[in-house]
Structures are given as structure tokens and as C-alpha cells.
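Same order as they appear, the protein sequences are chains A and B.
Under the UniProt record's numbering, residues 1 to 443 are what the first sequence spells out, in order.
Under the UniProt record's numbering, residues 1 to 443 are what the second sequence spells out, in order.
It cannot be assumed that every hint is accurate.
Residues of chain B clear of chain A, computed beta-carbon distances all greater than 10 Å [said to hold, decoys possible]: (1) Pro13; (2) Ala126; (3) Val159; (4) Gly173; (5) His206; (6) Cys241; (7) Gly277; (8) Gly286; (9) Ala325; (10) Asp349; (11) Arg379.
Think about it this way: if two alpha-carbon atoms lie no more than 25 Å apart in a straight line, the pair counts; the simulated PhoX-like pairs of lysine-lysine are [unchecked claim]: (12) Lys216(B) with Lys356(B); (13) Lys428(A) with Lys428(B); (14) Lys43(B) with Lys428(A).
Across the chosen pairs, the derived CB separations fall in these ranges [what the hints assert, rightly or not]: (15) Tyr414(B) with Phe391(A): 20 to 30 Å; (16) Lys201(B) with Gln345(A): 42 to 52 Å; (17) Glu319(A) with Asp199(B): 43 to 53 Å; (18) Glu136(B) with Ser100(A): 22 to 32 Å; (19) Asp199(B) with Gln77(A): 19 to 29 Å; (20) Gly121(B) with Asp236(A): 55 to 65 Å; (21) Glu86(A) with Pro192(B): 19 to 29 Å.
Honestly, the hints are just simulated from the structure, not real lab data.
Cβ coordinates follow ideal geometry from the N, Cα and C atoms, glycine included.
There are 2 protein chains.
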Amino acid sequence: MDEHAKIEELGKPRVVIVGGGFGGLELAKALRHVNVQVVLIDKQNYHTFQPLLYQVATAGLDADDIVSPFRKILEDQGNVFFRMAEVQSVDTEAQVVKTSIGLVKYDYLVIATGATTNYFGDQEMAKNSVAIKSVEDAIMLRNTVLNNFEKALQVEDPVERNSLLDFVIVGGGPTGVEVAGALSELRKHVFPKDYRELDFKEMDIHLIQSGPTLLKGMSPEASQKALEFLQNFGVDVMLDCRVKSYDGYTVTLNTGQTLITRTLIWAAGVSGAPIEGIRKESILKGNRYQVDEHNRITGYNNVFAIGDIAAMVTSEYPEGHPMVAQPAIQQGKLLAKNIGNLLCQRALDTFHYDDKGAMATIGRNHAVADVKLFHKEFRTQGFLAWLMWTFVHVISLVSFRNRLAVFISWTWSYFSLDKGLRFIIGNKREPIPVEETAPKELV
Amino acid sequence: MDEHAKIEELGKPRVVIVGGGFGGLELAKALRHVNVQVVLIDKQNYHTFQPLLYQVATAGLDADDIVSPFRKILEDQGNVFFRMAEVQSVDTEAQVVKTSIGLVKYDYLVIATGATTNYFGDQEMAKNSVAIKSVEDAIMLRNTVLNNFEKALQVEDPVERNSLLDFVIVGGGPTGVEVAGALSELRKHVFPKDYRELDFKEMDIHLIQSGPTLLKGMSPEASQKALEFLQNFGVDVMLDCRVKSYDGYTVTLNTGQTLITRTLIWAAGVSGAPIEGIRKESILKGNRYQVDEHNRITGYNNVFAIGDIAAMVTSEYPEGHPMVAQPAIQQGKLLAKNIGNLLCQRALDTFHYDDKGAMATIGRNHAVADVKLFHKEFRTQGFLAWLMWTFVHVISLVSFRNRLAVFISWTWSYFSLDKGLRFIIGNKREPIPVEETAPKELV
Numbered sequence: 001m002d003e004h005a006k007i008e009e010l011g012k013p014r015v016v017i018v019g020g021g022f023g024g025l026e027l028a029k030a031l032r033h034v035n036v037q038v039v040l041i042d043k044q045n046y047h048t049f050q051p052l053l054y055q056v057a058t059a060g061l062d063a064d065d066i067v068s069p070f071r072k073i074l075e076d077q078g079n080v081f082f083r084m085a086e087v088q089s090v091d092t093e094a095q096v097v098k099t100s101i102g103l104v105k106y107d108y109l110v111i112a113t114g115a116t117t118n119y120f121g122d123q124e125m126a127k128n129s130v131a132i133k134s135v136e137d138a139i140m141l142r143n144t145v146l147n148n149f150e151k152a153l154q155v156e157d158p159v160e161r162n163s164l165l166d167f168v169i170v171g172g173g174p175t176g177v178e179v180a181g182a183l184s185e186l187r188k189h190v191f192p193k194d195y196r197e198l199d200f201k202e203m204d205i206h207l208i209q210s211g212p213t214l215l216k217g218m219s220p221e222a223s224q225k226a227l228e229f230l231q232n233f234g235v236d237v238m239l240d241c242r243v244k245s246y247d248g249y250t251v252t253l254n255t256g257q258t259l260i261t262r263t264l265i266w267a268a269g270v271s272g273a274p275i276e277g278i279r280k281e282s283i284l285k286g287n288r289y290q291v292d293e294h295n296r297i298t299g300y301n302n303v304f305a306i307g308d309i310a311a312m313v314t315s316e317y318p319e320g321h322p323m324v325a326q327p328a329i330q331q332g333k334l335l336a337k338n339i340g341n342l343l344c345q346r347a348l349d350t351f352h353y354d355d356k357g358a359m360a361t362i363g364r365n366h367a368v369a370d371v372k373l374f375h376k377e378f379r380t381q382g383f384l385a386w387l388m389w390t391f392v393h394v395i396s397l398v399s400f401r402n403r404l405a406v407f408i409s410w411t412w413s414y415f416s417l418d419k420g421l422r423f424i425i426g427n428k429r430e431p432i433p434v435e436e437t438a439p440k441e442l443v
Numbered sequence: 001m002d003e004h005a006k007i008e009e010l011g012k013p014r015v016v017i018v019g020g021g022f023g024g025l026e027l028a029k030a031l032r033h034v035n036v037q038v039v040l041i042d043k044q045n046y047h048t049f050q051p052l053l054y055q056v057a058t059a060g061l062d063a064d065d066i067v068s069p070f071r072k073i074l075e076d077q078g079n080v081f082f083r084m085a086e087v088q089s090v091d092t093e094a095q096v097v098k099t100s101i102g103l104v105k106y107d108y109l110v111i112a113t114g115a116t117t118n119y120f121g122d123q124e125m126a127k128n129s130v131a132i133k134s135v136e137d138a139i140m141l142r143n144t145v146l147n148n149f150e151k152a153l154q155v156e157d158p159v160e161r162n163s164l165l166d167f168v169i170v171g172g173g174p175t176g177v178e179v180a181g182a183l184s185e186l187r188k189h190v191f192p193k194d195y196r197e198l199d200f201k202e203m204d205i206h207l208i209q210s211g212p213t214l215l216k217g218m219s220p221e222a223s224q225k226a227l228e229f230l231q232n233f234g235v236d237v238m239l240d241c242r243v244k245s246y247d248g249y250t251v252t253l254n255t256g257q258t259l260i261t262r263t264l265i266w267a268a269g270v271s272g273a274p275i276e277g278i279r280k281e282s283i284l285k286g287n288r289y290q291v292d293e294h295n296r297i298t299g300y301n302n303v304f305a306i307g308d309i310a311a312m313v314t315s316e317y318p319e320g321h322p323m324v325a326q327p328a329i330q331q332g333k334l335l336a337k338n339i340g341n342l343l344c345q346r347a348l349d350t351f352h353y354d355d356k357g358a359m360a361t362i363g364r365n366h367a368v369a370d371v372k373l374f375h376k377e378f379r380t381q382g383f384l385a386w387l388m389w390t391f392v393h394v395i396s397l398v399s400f401r402n403r404l405a406v407f408i409s410w411t412w413s414y415f416s417l418d419k420g421l422r423f424i425i426g427n428k429r430e431p432i433p434v435e436e437t438a439p440k441e442l443v
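Please build the complete structure, drawing on both the sequences and the hints.
This is the structure:
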């Protein structure tokens with residue numbers, strides 16, 4: 001960039017966006033034709049397509065299929081500057097964001113930090129369980145699963161071996177249901193070929209849901225069919241059940257029953273990820289910022305929040321919008337328009353959520369979908385829902401490169417019944433050591 | 001596997017292969033129809049296609065494109081058992097291999113542990129430089145390069161900034177040449193779009209070669225053209241030059257000249273990776289095992305070595321065969337046949353290396369090749385060599401899945417001039433901190 005262009009950029013009002021998830025990225029892109037300078041800050045240098053993280057965790061896709069570097073996505077957009085940094089705090093008086101690499105002044109601040117795993121204060125659970133909120137999480141889960149099976153080959157005690165082969169998934173929302181389904185597919189089609197010496201009748205998959213139905217928030221038909229599909233796939237779904245404790249080995253349920261596993265996958269909830277320096281009075285239940293119908297955080301003029309971190313309380317959504325991609329994307333798009341309105345001193349537009357419905361896949365040919373088309377709700381379960389789910393996820397990926405990669409990977413898996421990405425690269429969680437025995441003769 | 005089949009397997013002589021590189025994997029596959037039980041031990045659960053590691057390091061391919069899980073490759077072969085373990089030592093009296101997961105008895109032992117980076121005893125270099133011998137190395141190098149550029153955006157001092165932008169590559173063999181070429185392509189086509197605020201005229205790539213030519217062992221035409229191509233791409237090639245020391249920041253050359261870089265890529269040599277317990281008398285220069293013309297380690301009846309770790313001294317190859325894929329593959333194939341011969345008490349076949357030539361790519365449309373076809377040598381440089389290099393590497397990949405992935409990725413890159421895999425996932429090498437300054441205003 002030449003000096004002239006640089007100075008011109010510096011003269012514009014600056015919008016600082018913290019977080020490049022669905023909301024932050026959409027906002028940055030939608031500000032293309034608004035006369036502002038945009039600084040997008042994220043601790044990663046890539047955008048993650050979170051709805052498919054569970055596929056990375058279960059060897060169906062590789063991480064590179066679902067992430068896109070921010071610099072690549074935004075390379076043609078001259079008014080955006082990306083910075084890889086952790087945001088430490090905000091000073092709303094001085095209008096400055098403090099980051100790991102320095103200070104950033106802003107005229108408009110948009111918090112789009114999304115949500116983080118919610119352990120409801122259970123430190124032991126946070127330490128011993130695995131989550132699927134980031135690419136690093138998903139890779140670690142994949143490595144852990146494969147590593148456990150390698151270890152199971154050397155264990156003769158059946159209880160010890162089961163602790164490596166069994167899985168407990170806590171949370172019956174989309175992530176929990178999708179992981180349980182994917183693990184059951186691996187158990188059926190993939191692992192028995194890889195580990196001929198293990199008996200996969202020994203591998204149990206437990207899905208624990210605190211409420212009476214799976215996929216809370218979807219239609220009763222969707223919840224019911226998801227349950228049926230999972231049970232047909234041999235998943236032990238435990239409804240109205242809660243985990244009391246987990247020490248890395250024994251899961252104790254509220255019924256007093258115990259399960260033994262070295263891998264508990266925690267998909268039971270998320271909460272907002274607020275930033276130091278924003279007034280505490282604006283934080284609602286679930287650590288989300290209370291925002292008005294223009295996504296402005298209450299108590300501020302020029303500080304906004306969008307996506308999972310924002311709770312816009314309306315009569316239709318008394319707890320804020322669902323913490324999924326669509327509200328974030330729609331809020332990002334509208335906020336770009338409203339920042340334009342602010343600059344021209346026009347009245348601001350009000351956010352109306354266009355709910356397109358919800359979907360979850362359980363496995364090959366099996367999904368459930370509640371779709372809103374032309375203001376009519378359309379509910380379907382099974383193959384058609386699975387086709388829709390597949391189509392929507394492929395076209396929603398950020399880059400053409402990712403779309404192509406996922407399409408090819410899925411087509412391949414569909415016909416070969418294989419999931420090809422079964423390698424252990426990077427971090428894994430070493431299980432609590434199996435009781436020490438004398439070196440064991442192999443095979 | 002049922003009990004009957006299990007007992008039958010256990011009654012067969014057991015071949016234990018340590019290492020699943022080109023040689024070990026080929027041997028395991030070629031033993032399919034030999035009446036033995038095979039135990040393949042590797043510390044990773046996947047085979048790595050090492051010739052393309054440099055592409056992973058330079059964001060041209062993702063790791064999943066060039067690795068294949070052993071269990072997948074060998075899933076149809078009933079007589080192979082894979083174990084993910086580190087080999088600690090061998091007891092050739094008791095015929096037992098000691099591993100991180102227990103003891104393994106053998107009737108025939110084959111060491112195929114390959115080679116490791118050779119720092120020629122320079123501990124400081126081993127600590128401060130980066131290598132490209134494993135997938136984890138390659139990913140770390142990629143993450144380090146990208147991370148350095150992110151940091152360079154925040155640095156005002158030109159020397160400090162240059163230390164993050166400049167690269168020194170030591171070693172003018174195929175890896176050094178290929179990395180230098182790939183970095184120069186990134187500098188030309190990719191990074192300027194990603195980092196508009198940096199001036200890539202500041203990014204220097206130095207390639208240091210101790211001898212008078214690049215690609216030692218290839219034809220003079222190949223060496224000369226490789227030099228020309230690299231110079232045309234703006235790589236500073238320093239021939240007859242050695243590195244005296246590197247403290248993580250300053251590279252001191254034997255000429256007294258110094259270069260400043262936080263990233264020195266060490267591609268200057270490899271040496272064998274011998275195992276504790278094999279007689280030291282059989283170790284030759286470069287830590288390779290002296291083997292006879294049947295790949296039997298001198299001094300043993302039933303212990304073999306193949307590939308990089310084996311030095312079969314002949315009049316044509318007084319220092320053993322080149323440490324590349326082809327000798328390993330050919331030795332693996334012949335050894336399978338010879339193990340069959342041993343079992344039937346037939347005479348053993350003698351190894352003759354079928355040299356198919358050598359190739360190296362410098363960048364888009366530019367490669368050099370010395371190919372042997374029908375015992376005639378054929379030398380070419382430029383576009384045709386590049387086409388041959390591309391074709392040979394795609395078809396040599398282990399699985400159809402990898403071939404398809406690499407083909408698509410390369411086709412994409414060729415037409416888009418893009419290298420898509422520019423994300424920082426997993427370990428990176430944090431540079432020695434830039435001198436602490438007051439928090440700096442961004443942009």
C-alpha cells in the first residue's frame with residue numbers, strides 16, 4: 001500500500017471487530033462499501049466453520065477442509081486490516097482495545113467473541129473431559145480416540161479395556177447427537193477393519209441428556225426421530241439423566257449409576273465469552289451482553305455485540321436468539337448497514353431474525369430437519385433431511401476450495417463407507433495410565 | 001479374528017519390521033503371500049510420503065494429503081499386525097524387541113528406521129534451527145513462518161522486521177532447493193496479497209551450500225539449471241559456503257559474513273537412526289548398518305536392515321545407495337522374496353539397484369530431471385521436467401485418496417497461483433522475543 005492510500009485509510013472512522021466467527025466475518029465483509037477502516041482481531045489466523053468441527057473430531061474431515069485464513073478471505077477488501085492477537089481488555093473511556101500485540105483505538109467497537117464451553121463451574125469436569133469448540137479441541141479428540149484404541153490392544157483386563165473403548169457424551173443438542181452418530185458409524189464400518197483384534201461389541205456409546213428429549217428447540221418429530229435413529233445405531237441414549245461427577249475414569253450419574261470411560265465428551269452447554277472492561281451491568285444470564293434492537297450494548301453509544309455473545313431480548317426470544325450461525329450472520333449484515341446509517345446520521349434499522357429452521361444429522365442417510373420456507377414450516381426426517389443437511393453445509397462453507405474438498409471427501413466416504421483421516425498428528429490427551437503391569441508380549 | 005485363525009497366525013514364523021517408511025511398508029506389503037506373521041512397529045500410526053513434506057511446510061499441501069494410516073493401507077492383509085510404539089532396544093540373543101508398550105519376540109528382525117536430521121554434533125544448531133524430516137516438523141515450520149509475518153506487522157525497527165521476514169536455508173540438496181523455490185513463490189504470488197502492509201522486497205531468501213554445486217549427485221546440467229532457476233526467482237544462492245554458528249538470530253558464515261534471521265531451515269544432512277542392542281561394529285559412517293547383498297546386517301543371521309539405515313557397500317556404491325525412496329522400496333520388495341527363500345531353504349537373491357534417476361522441482365513450471373529409461377539417461381530441465389516431477393509424485397502417493405487430493409490441490413494452485421493452507425494450527429516456534437517496547441498503536 002502506498003503512503004497516500006495509507007493516510008486516506010487512517011483518516012476514516014475505525015470499526016474494530018473482536019472475533020472472526022460467523023458474525024464478525026460477515027460484518028467485516030459487509031463493511032466493504034462503507035467508508036470506514038475495519039480492524040478485525042482474532043486469536044487465530046483463520047475462520048472456523050464450527051458446525052462441522054464434530055466431523056474433524058471423528059475423522060470424517062480434515063481441519064483444512066473447514067477453516068479458511070482470514071487474510072485469504074479478505075484479500076480483495078482494501079479497507080480491512082487483520083490482526084492475530086488476543087484481546088485482553090477494553091477501555092471504553094479512551095476508546096482503546098488492549099491486545100497481546102499492542103493497543104488499538106476505535107471509533108466503533110463490535111464484540112463478536114462468540115461462546116465458550118460452559119462447565120457450570122465444575123472444575124473437575126473442565127479438567128477431565130474433552131470439548132469440541134475449536135479446531136484444536138477437535139484434533140485432540142480425534143487423536144485421543146485413536147490413541148486409546150492403540151492402547152486398548154495391549155490391555156487384557158476387560159474393564160480396563162472397556163474404559164478405553166467406551167464413550168460418554170454429555171449433552172443431547174446437535175453436537176452431542178452428531179458426535180454420537182458419527183462414533184456409531186465408525187464402530188460399524190471403520191474400526192472393526194482397523195482393529196481386527198478388538199471386539200467392537202465391547203465399544204459402548206452413551207449419550208446423556210438432562211431433559212426428556214434430544215435436540216431441545218426442534219420439533220417433537222425431529223427429537224423423536226433423532227432418538228430412534230440413534231437407538232437403531234446402537235447408541236445408549238439416557239434421557240432425564242445428569243452427570244454428577246467425572247474423575248477421568250468413573251462417571252457418576254444422578255441416579256447413582258456409574259459408567260467407566262477414559263473419554264467423556266462434554267457438549268452440554270456454552271456461555272458467552274465477555275471481555276474485561278465492558279460494564280458488568282450489561283451481562284445477562286449465560287454471560288451474554290444485553291443489546292438493543294440495533295445490537296448496541298446497553299449503556300454505550302458506540303459499543304456493539306453480535307452473535308452468540310449478544311442477547312437481544314424480545315417477546316419472541318425472551319432469552320435472546322439461539323446461539324447458532326444464522327442470528328450471528330444476520331446481525332453482522334445489519335450492523336454493517338447501521339454503521340453506515342450512523343455515519344450519515346440516518347435512523348437505524350431494527351433487527352428481525354429470519355429463522356430458517358434447524359437441522360441435525362445422525363449419520364449416513366439419516367438426519368432431521370425443521371425448515372422454514374416462505375414462512376411455512378416443513379418437517380422431514382431421514383434421507384431427504386440428510387440430503388438437505390449435506391447440501392446446506394457444503395454451500396455454506398466459506399471458500400470454494402473448502403466446498404470442493406468437503407464435497408469430495410463426503411462423496412468418497414459415502415461410497416467407500418470409509419473415513420480416511422485416521423492419523424494421530426498433534427496433541428492428544430494421554431489417558432490416566434492403565435495400571436502398570438509387566439511388559440506384555442505382543443499379539 | 002476367531003480363535004482358530006489366531007492360533008494359526010501364532011504358529012507361523014514372525015517377521016518384526018521396525019519403521020513404516022518406504023522400505024518397511026513395501027516389505028510388509030510384499031510379505032502378503034509369504035507364510036509368516038508380520039508385526040510392523042512405528043511410532044506414528046501413519047506412513048509419511050517424505051518427498052512432499054516441504055510442500056506441507058510451505059502451505060502447498062495439507063498434512064492429510066501426504067500421510068496414510070497404516071491400518072488403512074494394510075486392512076486387507078490378514079498376516080500383518082500393526083503396533084504404534086517406540087522401539088527402545090533389541091536383544092538379539094533372546095530375539096526380542098523392547099518397545100514402549102511391551103516386548104515383541106521375532107524370528108526375523110528388519111530394521112527400517114530410516115534417517116534423522118544430522119546436525120554434525122552442533123547442539124546449538126539443533127536447538128535453534130528447524131528441520132523438515134517429519135509431519136510435525138513441517139507443520140511447525142509452516143506455523144512459524146506465518147506467525148513471524150503476523151509479528152512483523154507490529155515491528156517498526158527494520159532490522160528486527162527483517163529478522164522475521166528473512167529465511168536462511170542450509171543445504172543445497174533436493175529439500176533445500178525445493179524449500180527455497182517454494183518460499184520464493186509464496187513471496188511472489190501469495191504473501192503480498194495477504195500482508196499488504198509489508199514490503200516483500202524486504203524478504204530475503206538465502207540458500208547456503210557447502211559445495212560448489214547444488215543437487216550434488218545429479219547431472220551438471222541439472223545443478224546448473226537449478227541454480228539459474230533459483231537466481232531468477234530471486235533466491236540468494238551462496239555456494240562453497242558454510243555456516244559456523246547460529247544463535248537463533250545471527251547466522252555466522254565461514255567467510256565471517258553474518259545474516260540475521262529468526263528462521264534457519266536446516267536441510268544439510270541426514271544420518272541413520274540406529275537401535276540400541278545391535279552390535280556397534282556393524283555401524284558405518286553416517287550411522288548406517290553395514291549389510292550384505294541380501295540386506296543382512298553383518299554379524300547376524302536373522303537381522304536385516306533396509307532403506308536409509310542400510311549401507312550396502314558395492315563397487316558402484318562405495319558409500320551405500322542414495323538415501324532416497326527407491327533403494328528402500330526395492331530392498332523391501334527383494335527382502336520379502338528372500339525371507340520366502342529362507343523359509344524354503346532356497347538360495348537368496350542378490351540386490352541390484354535399478355536407478356531410475358533423480359528429480360527436483362524449483363517452482364511452477366520449473367524442475368530438473370535426470371531420468372533413466374531403458375538403461376538410457378535422459379536429462380531435461382524446465383517445463384517438461386516439471387510435468388514429469390508432478391506426474392511421478394502424484395502416482396507415487398500411497399492411496400488413491402491422497403493422489404486425488406494432491407492432484408486437485410496442485411491443479412487449484414496452478415491456475416489460481418494460490419497456496420490455500422495458510423493457517424496456524426498446532427505447534428509453532430515462538431521467535432526469540434523482539435526487544436520489548438511500549439505497547440504499540442496498531443495499523
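Against the structure, the hints come out as follows:
Once the 10 Å rule is applied to beta carbons, proline 13(B) is consistent with being away from chain A; the minimum gap is 13 Å. No beta-carbon of chain A is positioned within 10 Å of the beta-carbon of alanine 126(B); the least distance is around 22 Å. Interface exclusion of valine 159(B) from chain A stands, the closest Cβ pair being 19 Å apart, more than 10 Å. Every beta carbon of chain A lies more than 10 Å from that of glycine 173(B), the smallest distance being close to 25 Å; the non-interface claim holds.
Distance check on histidine 206(B): its Cβ is at least 25 Å (rounded) from any Cβ of chain A, clearing the 10 Å threshold; non-interface status holds. Every C-beta of chain A lies more than 10 Å from that of cysteine 241(B), the closest at about 34 Å, which supports listing it as non-interface. Listed as outside the interface, glycine 277(B) is consistent with that label: its C-beta sits roughly 15 Å from the nearest C-beta of chain A, beyond the 10 Å cut-off. Listed as a non-interface residue, glycine 286(B) keeps its Cβ farther than 10 Å from every Cβ of chain A; the least gap is roughly 29 Å.
Every Cβ of chain A is farther than 10 Å from the Cβ of alanine 325(B); the closest lies at roughly 20 Å, confirming the non-interface assignment. At roughly 29 Å from the closest C-beta of chain A, the C-beta of aspartate 349(B) stays outside 10 Å, upholding its exclusion from the interface. With a cut of 10 Å on Cβ distances, arginine 379(B) stays outside the contact zone with chain A, its closest approach being about 36 Å. Between lysine 216(B) and lysine 356(B), the direct Cα distance comes to roughly 16 Å. Compliance with the 25 Å bound is thereby established for this hinted pair.
Using a Cα cut-off of 25 Å, the hinted pair lysine 428(A) and lysine 428(B) holds, with the two alpha carbons roughly 16 Å apart. Distance check on the hinted pair: lysine 43(B) and lysine 428(A) sit about 14 Å apart at the alpha-carbon level, within 25 Å; holds. Taking 20 to 30 Å as the suggested C-beta distance range, the pair tyrosine 414(B) and phenylalanine 391(A) conforms, at roughly 29 Å. Between lysine 201(B) and glutamine 345(A) the CB atoms are about 44 Å apart, so this pair conforms to the stated range of 42 to 52 Å.
As the Cβ distance of glutamate 319(A) to aspartate 199(B) is approximately 50 Å, the hint placing it in 43 to 53 Å holds. In this structure, glutamate 136(B) and serine 100(A) meet the distance hint of 22 to 32 Å, their C-beta atoms being roughly 25 Å apart. Between aspartate 199(B) and glutamine 77(A) the CB atoms are about 20 Å apart, so this pair conforms to the stated range of 19 to 29 Å. Under the hint 55 to 65 Å, the C-beta atoms of glycine 121(B) and aspartate 236(A), about 58 Å apart, fit the expected range.
With their beta carbons about 27 Å apart, glutamate 86(A) and proline 192(B) fall inside the hinted range of 19 to 29 Å.
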